[in-house]
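There are 2 protein chains.
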Amino acid sequence: MSDAGTPNTPLAVVLLSGGMDSCVTLAHAIERGFGIAALHVNYGQRTQQRELQAFTDICEYYGIGRTLVVNISHLAQIGGSALTDTGIDVPPGDPESARIPVTYVPFRNANILAIAVSWAEVLGADAIFIGAVEEDSSGYPDCREVFFRTFEQVIATGSATGSSISIHTPLLHRTKADIVTMGIGLGAPLHLTWSCYQNNTYACGTCDSCMLRLKGFAAAGMTDSITYQP
Amino acid sequence: MSDAGTPNTPLAVVLLSGGMDSCVTLAHAIERGFGIAALHVNYGQRTQQRELQAFTDICEYYGIGRTLVVNISHLAQIGGSALTDTGIDVPPGDPESARIPVTYVPFRNANILAIAVSWAEVLGADAIFIGAVEEDSSGYPDCREVFFRTFEQVIATGSATGSSISIHTPLLHRTKADIVTMGIGLGAPLHLTWSCYQNNTYACGTCDSCMLRLKGFAAAGMTDSITYQP
Numbered sequence: 001m002s003d004a005g006t007p008n009t010p011l012a013v014v015l016l017s018g019g020m021d022s023c024v025t026l027a028h029a030i031e032r033g034f035g036i037a038a039l040h041v042n043y044g045q046r047t048q049q050r051e052l053q054a055f056t057d058i059c060e061y062y063g064i065g066r067t068l069v070v071n072i073s074h075l076a077q078i079g080g081s082a083l084t085d086t087g088i089d090v091p092p093g094d095p096e097s098a099r100i101p102v103t104y105v106p107f108r109n110a111n112i113l114a115i116a117v118s119w120a121e122v123l124g125a126d127a128i129f130i131g132a133v134e135e136d137s138s139g140y141p142d143c144r145e146v147f148f149r150t151f152e153q154v155i156a157t158g159s160a161t162g163s164s165i166s167i168h169t170p171l172l173h174r175t176k177a178d179i180v181t182m183g184i185g186l187g188a189p190l191h192l193t194w195s196c197y198q199n200n201t202y203a204c205g206t207c208d209s210c211m212l213r214l215k216g217f218a219a220a221g222m223t224d225s226i227t228y229q230p
Numbered sequence: 001m002s003d004a005g006t007p008n009t010p011l012a013v014v015l016l017s018g019g020m021d022s023c024v025t026l027a028h029a030i031e032r033g034f035g036i037a038a039l040h041v042n043y044g045q046r047t048q049q050r051e052l053q054a055f056t057d058i059c060e061y062y063g064i065g066r067t068l069v070v071n072i073s074h075l076a077q078i079g080g081s082a083l084t085d086t087g088i089d090v091p092p093g094d095p096e097s098a099r100i101p102v103t104y105v106p107f108r109n110a111n112i113l114a115i116a117v118s119w120a121e122v123l124g125a126d127a128i129f130i131g132a133v134e135e136d137s138s139g140y141p142d143c144r145e146v147f148f149r150t151f152e153q154v155i156a157t158g159s160a161t162g163s164s165i166s167i168h169t170p171l172l173h174r175t176k177a178d179i180v181t182m183g184i185g186l187g188a189p190l191h192l193t194w195s196c197y198q199n200n201t202y203a204c205g206t207c208d209s210c211m212l213r214l215k216g217f218a219a220a221g222m223t224d225s226i227t228y229q230p
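Just so you know, the sequences run in chain order W and Z.
Just so you know, we're using our numbering here: the first sequence kicks off at 1 and counts up by one.
Just so you know, we're using our numbering here: the second sequence kicks off at 1 and counts up by one.
Okay, chain W solo, but in the shape it has when bound:
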């Protein structure tokens, strides 16, 4: 338990995909005074090498030494999503659509949170931070407030530490424009983040995730400094 938080510095497991939202969430957790344990989950998504690079760069930027990279193959094995199944194309984004898009990975956030809770229990951490965004989540059911609050009840009933691990979702009800503004205000290294679902070198600029990011920067009146496909 040498890694455990103390009453003065509580410890948080922060899910850090390497995307903009998770980077801003990390900056927020640091500002709130949490000690950080950064968790990155590769789940066989197309851009996992690029996302891992972003994770490493962000951890280095903040000098975070307590990191865990987990490789899970089962979401790709199970399939059912354009993010992990190369037989399904990533479609152009359509933020107006009400249906759940093919980039939805079935029950992904539950799988990722379960890993975070296991690590949090062993570390003696007090909190888990995840950068989910309800409004901009393209209708993914496991990005909604009710899902996270119910998952907290699962932690309370199913973990040895009982109800002492809370799930923080500081971006849940924010727009992408708010998140850009918040990130810049916190000094988050947005230039190191990666959001594109499709490409590993230049961001495609056309997938769901790129479109939401670009729209967020535009609405915030800021310029995104990562490189997009010409």
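Hints may contain errors.
Cβ-Cβ distance ranges computed for the label pairs, FRET-style [as the list claims (entries may be wrong)]:
id : chain 1 : residue 1 : chain 2 : residue 2 : range
1  : W       : M222      : Z       : H173      : 56 to 66 angstroms
2  : W       : E145      : Z       : R66       : 53 to 63 angstroms
3  : Z       : S166      : W       : Q49       : 34 to 44 angstroms
4  : Z       : Q53       : W       : Y62       : 44 to 54 angstroms
5  : W       : T9        : Z       : Y202      : 46 to 56 angstroms
6  : W       : G33       : Z       : G63       : 51 to 61 angstroms
7  : W       : E60       : Z       : Q49       : 37 to 47 angstroms
8  : W       : R66       : Z       : S225      : 44 to 54 angstroms
9  : Z       : G65       : W       : G185      : 47 to 57 angstroms
Derived from the structure by calculation, the hints contain no laboratory data.
All values reported here derive from a predicted model rather than from experimental measurement.
Positions of the beta carbon are idealized from the N, C-alpha and C atoms, including for glycine.
With chain W held as given, fit chain Z onto it using these hints.
Same frame as chain W, now just chain Z:
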């Protein structure tokens, strides 16, 4: 969706570790008329090769063609349990103890259920069966009724199919003696199962899991046909 259940034959994902409880649970699901998708999760436990063999043998016995074996390394990476951390010895069983034993793997059942739900969503399955036993679970918090019922709420809120996947725990309130009797009544191939936490060849007969199994056979007035360490 060619693997989906029909109104006449609903489909169940059955968690089949290869132990006695999961084998009896499978036999019960088959008797209830479910089509079966058998899921085995290797999580870096000491006896994973032997358990995988038991899984394969049981699936062959029942002629189950729809199987998925998932290897996850993160519970072993995270550590904190004698089952996955070779630095922690598996202690002799002490069924009278009220504390959570060192064989507890933090939040294991949540990790495993999350995988099952992801697969169930893609298959269009109606149910998940898991052979957890509350009374004989050595105090593991994620083997209790309240945990499973809360997890069902997480499925209802976090999956694309909404509340249509139920978790069945037919052994939850049974004793090991009941389970032995039930398994024999259902014709379950208990001779193919593996329960020992410690060994891969002869069952040790002294770990928590062996002691519970042997106590169950004795209380049911039956003889266990697997081979124990002389």
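Status of each hint after checking the structure:
1. M222(W) <-> H173(Z): 56 to 66 angstroms: holds, 58 angstroms
2. E145(W) <-> R66(Z): 53 to 63 angstroms: violated, 35 angstroms
3. S166(Z) <-> Q49(W): 34 to 44 angstroms: Because 38 angstroms falls inside the window, the suggested range holds.
4. Q53(Z) <-> Y62(W): 44 to 54 angstroms: Because 46 angstroms falls inside the window, the suggested range holds.
5. T9(W) <-> Y202(Z): 46 to 56 angstroms: holds, 49 angstroms
6. G33(W) <-> G63(Z): 51 to 61 angstroms: Once the Cβ atoms are compared, 58 angstroms apart, the range 51 to 61 angstroms for G63(Z) and G33(W) holds.
7. E60(W) <-> Q49(Z): 37 to 47 angstroms: Hint holds: Cβ distance 38 angstroms, inside 37 to 47 angstroms.
8. R66(W) <-> S225(Z): 44 to 54 angstroms: Given a distance of about 48 angstroms, which is inside 44 to 54 angstroms, the answer is holds.
9. G65(Z) <-> G185(W): 47 to 57 angstroms: holds, 56 angstroms
Consistency note: the structure conflicts with earlier hint 2 alone.
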